[in-house]
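*Asks:* Here are the chains, one letter per residue:
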Amino acid sequence: MMEWFSDNGLLLGLALLDGLSYAALVFMVAVGLNLVFGVLRIVNVAHGSLFAIGAYTAASIGIFFASLGLPAWAGYIALVLSALLVGAVLGPLIERLLLRRIYGHEDVLQLLVTFALFMILEDVQKLIWGVQPIMQDAPMKFLGTVDIPFGEDVIPFTAYQLFVLPGVAVATLAALAWFLRRTLTGRVIVAVTTDKEAATAMGIDAAKIMLLTFSFGAGLAALGGALASPTTSLVPGVGASTIVLSFAVVATAGLGQIEGAALTSLMIGLGRSIAVYFAPEFEVVVPYIIMVAVLLVRPQGLFGVLETRRV
Amino acid sequence: MKRETLLAIVGALALILCAWAIPWLKFVLTVALAKGIAVLGILLLLRAGQVSFGHAMFLAVGAYTVAFVAPSVPEVLLLLPLAALLATALGLVIGLFLVRYRDIFFGMLNLALSMVIYSLLEKMYAITHGTDGIRIAALTFAGVSLEREVQEWVMFGIALTLAIGFGLLVRAYLGSPMGRALAGIKTRETRLEFMGVSARLVLLFAYVLSALMGGVGGALVSMTTRHVTPQLAYWTSSGELVFIAILGGAGSALGPFLGATAFELVRVYAAAAVADAWQMILGGVLLLVILFAPGGVWGILSSKLKGRGA
Amino acid sequence: MTEAVTRRTAMLGAAATSGALLFAGGNARAQAKPTELRVGITTFLSGPASVFGVPAKQAAELLFEEINKAGGIGGIPVRAFFVDEAPGTDHLVGEYRRLVQNEGCQIILASISSGSCLACTPLSDEMKKTTLLWDCGTQRIFEEGPHPYAFRTQGYGTPEVLAPLLYLLKHKPDFRTLAVINQDYAWGRDSWELWKAGMDAMKPGVRVVAEMFPRFGATDYSTEVTRLLAARPDVILSTSWGGDLTTLIRQSTERRLFERSLFVMPIAEASLPTLGRTMPAGHIIGARGDHWNNHPSPKDPARLKRLVDSYRAKYNEYPIYPVHHMAQAISAMQAAYAKAIAAKGAGGWPNDLELSNAFRGLTFDTPTSTITLREDGQGLEDQIVGLSSFNDKFPFSVPKDMILFPAAMVSTPVGQKSTDWLKTLKPDFVSQVPAPMAG
Amino acid sequence: MLELKGVSVDIAGIRVLRDVSLRVPPGGRVALIGRNGAGKTTALRTLMGLLPTRAGSVAIDGTDATTVPAHHRARLGIGYAPEERRLFGSFSVRENMVLPAQVLKLAAAETARRLDAVFTLLPELRDLAPRRAAGLSGGQGKMVALGRALMVGTRAVLLDEPFQGLAPVLAQRYAEALKRLHEALPDVAILITESNPELLRPLVEATFVIERGEMAPG
Amino acid sequence: MSTPLLSAKGLRLAFGGVKAADGIDLDVMAGEFLAIIGPNGAGKTTFINMSTGYLRPQAGRIEFDGQPILGLQPRAIVRRGIGRSFQLPQLFTEHTVLENAALAVASRLGLWSPLAPLLRPAWREEAMDLLERFGLQGVAGSRADALNEGARKLADIAMAVALQPRLLLMDEPTSGVAAAEKMQIVETLVRVLRQSGVTAVFVEHDMDVVARFADRVAVWSQGRIAALGPPAQVLADPVVQRDVIGISAHA
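Residue numbers (the numbering used here), protein chains in the order written: chain A, 1 to 311; chain B, 1 to 310; chain C, 1 to 439; chain D, 1 to 218; chain E, 1 to 251.
Here chain A stands alone, though its shape is the one from the complex (with noise of 0.2 angstroms):
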């Protein structure tokens, strides 16, 4: 055992860091779609869609910004641009046109309402942007890099990833935990959650709540893939990929709780990262059997409540 951490102790070291930013990713997709299900009761499957639409909209920005001319840091600028739009814009549309109808219905006629969309989106998607790879890596070429000493060598890693995206999604747990715990929107979110009726019946406006949630959501999402774009190149399908892995956060975080995404993000991000260097067979297994492995334990998922039945 020791004989095997000194062998391989450095290698973990790097695997921590590569896992801290791929945890922070799947972090910021997993904490909007947890959000939406905790207040809409909904698992939004067109919750990958709003990340990919997200990233090639923070793309196209980034572009058009170059072309402008504006110097490389605007293309953060066209990051947060990316999620206001999609927050402001397709959230509320959404949720008007189609969600609203459909609340109170069974589980698996929402569950199917957004597979739909999901369906729809991905098709809009490619009508919109094509299936050329678009890349728009400024934001990440703007901070270089950081040699991260390795033995005698030295590893860079781009701050972008070692800094940025773990940087961002700290600050957005931190801020979403303050949100809903010390604002009056927040508690309000929190009394819709919890009771919708009751809630409305003290003067809250509860489908404006559900409005305002299901946008931040896709806001979260549209962030996400707003944040990865500049790491990687957008083809059609990276939603689909996107969505089940949040789907396993959200079921083994417990639902509607952040901070159980976060955790369950963290597992989800090392055991990839530690698979993709010792044992790369399991690197996409990783995520499922720890989904499994955490709800074998705890049956309502790491920070899930147990819902007592009434007799």
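Hints may contain errors.
One-sided and incomplete, this derived list gives chain E residues near chain B with beta-carbon spacing under 10 angstroms [said to hold, decoys possible]:
{"id": "1", "residue": "Met29"}
{"id": "2", "residue": "Phe33"}
{"id": "3", "residue": "Leu55"}
{"id": "4", "residue": "Glu63"}
{"id": "5", "residue": "Gly83"}
{"id": "6", "residue": "Ser85"}
{"id": "7", "residue": "Gln87"}
{"id": "8", "residue": "Thr93"}
{"id": "9", "residue": "Ser113"}
{"id": "10", "residue": "Pro114"}
{"id": "11", "residue": "Leu119"}
{"id": "12", "residue": "Phe213"}
Far from chain C, by Cβ distances over 12 angstroms, these chain A residues were calculated [as the list claims (entries may be wrong)]:
{"id": "13", "residue": "Ala74"}
{"id": "14", "residue": "Leu81"}
{"id": "15", "residue": "Arg96"}
{"id": "16", "residue": "Tyr103"}
{"id": "17", "residue": "Gly167"}
{"id": "18", "residue": "Thr185"}
{"id": "19", "residue": "Ser233"}
{"id": "20", "residue": "Leu263"}
{"id": "21", "residue": "Phe303"}
Part of the chain A face toward chain B, derived, beta carbon under 7 angstroms [as the list claims (entries may be wrong)]:
{"id": "22", "residue": "Gly69"}
{"id": "23", "residue": "Leu109"}
{"id": "24", "residue": "Met119"}
{"id": "25", "residue": "Ala251"}
{"id": "26", "residue": "Val284"}
No lab work stands behind these hints: they were computed from the structure. By construction, the Cβ of each residue, glycine as well, lies at the ideal position given by its N, Cα and C atoms.
Use these hints to put chains B, C, D and E onto chain A, whose structure you have.
*Replies:* Just chains B, C, D and E now, with coordinates in the frame of chain A:
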């Protein structure tokens, strides 16, 4: 009940007629019937209020059983029961764990396990040929190797027979004490326990039965398409099965077959009409059905028949 | 564009077809000249592989338009029926049947993915329908059994991997360690198996320090890049393509992996326009053929220029190799029909058997060279490999120091399996590699 | 103060209220009696705007409020304590009570004043204030729900079956609190539902009886 | 008297700081009707939940007919002959009342037959017979969620009785029932139970019901049994009157 029987007979005849008149539709309809059998399993679980968002894994197990065993035993009449047996065994193992969970956890765990199976099929390249999948050579039926045209008819016939058989089985099951208890899980699970009945066991039985039908459906699909790929187990395939269940309507054992036929036809014609936006059309159809005809095709047909009868 | 098919017309069409079949007795019937030549084309129109599929579809539309403007094939117009490969094989084999039995397609151009090809080719045997494998690369097709109605109008995995390997052995003969990072699917696995067989035969003792097969369609390679940075291999092989490859290259460039190791990327060509100036120079790149934009001595420079220019004019992007592969399949189709019609005499029209016979041994021109279809159906396409570099003419990387590998040299002989043949290669095989092309 | 005029309501396509009329005068104490399923809760939810009417009108303070959205009714000074106490379990008792005042954007001083008034009326809530609502017993929960309703209910409070499931001793205490409430705040109208008419007789001035969704002679 | 049918000794269970059971000792004799009264939160339902395996006490033991039943699953306890009804009736809301009853019959006679219909003649007959005894034959074809509260309570108890228990634990069988119907429901109930020879324990808030129908009364207070005895004696106890019944405003 009468309406259902009538509709079933008319439907079966219509299928045979279509398959005879339009040769290539025979293939599509065989696949539809096969998927319908698998969707019957989804229907069972829906009756218990549970959505399996990973049921395609049983389809894949059935299909890959055929793919692996066919080179040594290319006999339809042996492969079908074998596929059913293995899917049932997997259903039992997974089910023992899964029936402890409800609602979203049940759905997501099914999804996770199907993704594990998908990943294994994709990763174990040496055995499964990864995403390329495995080609299944021509099979024999009762020891006789058949011409392509005859083989297609035989597969269609088997699928239709099994569809009717499983349809009747599921109908009887849903009306039986176990089936009614299954529906009780949706509304009042605690009562089951206090009647001295293990709700988990009731659900497990349904789950295993649904796995069996998934396996049979998968085996039929593979024998018809004669090529299997891990895509069969991907989450979107599972989503399709749930889609079909709702499209057909969960009100009757006929629903899955109505749904599967409608689904395959819409998909095929949408793909023919707009090859690069067929997904959008399918999504649109799904939305329309949920928003305006939540009873699915069965709901529309049965209310029409009722209106006519009255 | 295909027209919307209503259910009724489909039914009528099918009824008519099946009726005709009953009377005419299938394949051997005398074939009347149809009013149009219907061509079924399967390609990726959605999903990650649509980066290849859509340009190919665009190429087919462009070329069919040109052909019809020039009077069609054998005097009748051609019409394409496109089918999306993305929904999966079970759907595709149904679509293949629809194309043949319902749409009445007389020839099928099948498939990008190996899985699709492996599923469609046996169907071509059963349905006796001539099928051109226009883009898939798997060596298994013709090495595992005969397919009398199937022809591949381009090269395949073995030459496409062997040529870059030979280029590497010539360019950097002293490398000692190698890592591979391929997509986890058939092509990624098969190409590595081919490479490894060839490398072990011609340069034994190379140490493989990492074998990585990230998920197909992966969006993040930072972990893999870290591992490659730590392992410091002399050479990194990647046969990845599409979004996967551009992501890998970008993440690797940013973290200076390209400065530590020499990359060999046998199908980099399709990603180069997307990468633009960010593609590092001096690495080995291939194009699954010889159709580079800066081919120094194409056989028909005017035709190459016309294809590139009209494609650019219509779609506002440079053609990538799937465009050329589609063009090759269409060229082959034109040549075979011409040959078959000539054999029948005036007014005749070939039936399925006669059409497929016309393809066997066919030689047809491409803008850059000629391709001959061997007796097993495999086409012999030359391979050009070079080092990535930049010039003023293109806004993206193009090869320099190009070596043209004649198809016959790098293709497995008929009747042998590629991995077995590659194992028989000797280190001195490298000495047969031609000198770089001038220009 | 509150009035239903010929109101009909459907739930899931089934008519649950038929031509129901009911009047609560300002400061009045009114009981709505009926067995389970008769439509009591539906009547209250209709008054709160939580269900749409099919026919008839709802008036608050003499003006038509049929189409006033549910969340605006709290603003009109109407508090509501649903049958199941439906507290926000993750909040403390104090937070449960303060939230409606915050939602109405009341000034901090006004919120504090109301809270204090409620504590004076229901002294046991003062001790419960820091406890998490999820941990309360049934009787305590009902008290908190009443207190929460009173935080916004400056004109009227609607109490849905407050005595349901309460042991006699607790029911007694709850009834006393209601008496104190009426004495301290005589302007606040009270509408209580109950299945047992005997229980409320000493507390109310008027009684309406509802049977199968229709008003019956009380 | 003979040996007790149900015997609980030293049951203890606390949720957080709240002691729901703080040393409960209780013997239920065969054939008797035992009423449990006490304020909300005193632990009455907890006692039923512990006796039926839904909750597990932290200390103590429970014997049924001389056999320990602690640690058994609820369904195993049901099989041994302890039935229960619920404060909120637990019916299969999407099934008809007849199906509900038939399912209960089936669960006694053979649920695990996946092909024969639930409403086979013998079972249908027994279920109808059961409903008739409870006066529910008129609503046999209605969906369970369409019943009024009184009928629901009866149906709930009928399902427990269908299992032919020797001991029936009823949690507030009359709560939520309109006052006018209350006595009638209890009378029906008592008649059926007496006919079937079922021993009954029931939680009840209505002292009239307790006084009329209970053989013995157990008074619960803060997880303990404060008093136990014949109704006339217990209900007259001034301490019980003050703490449990209250100064009656509505008796």
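*Asks:* If you check each hint against the structure, which ones fail?
*Replies:* 1, 2, 3, 4, 7, 12, 19 and 22
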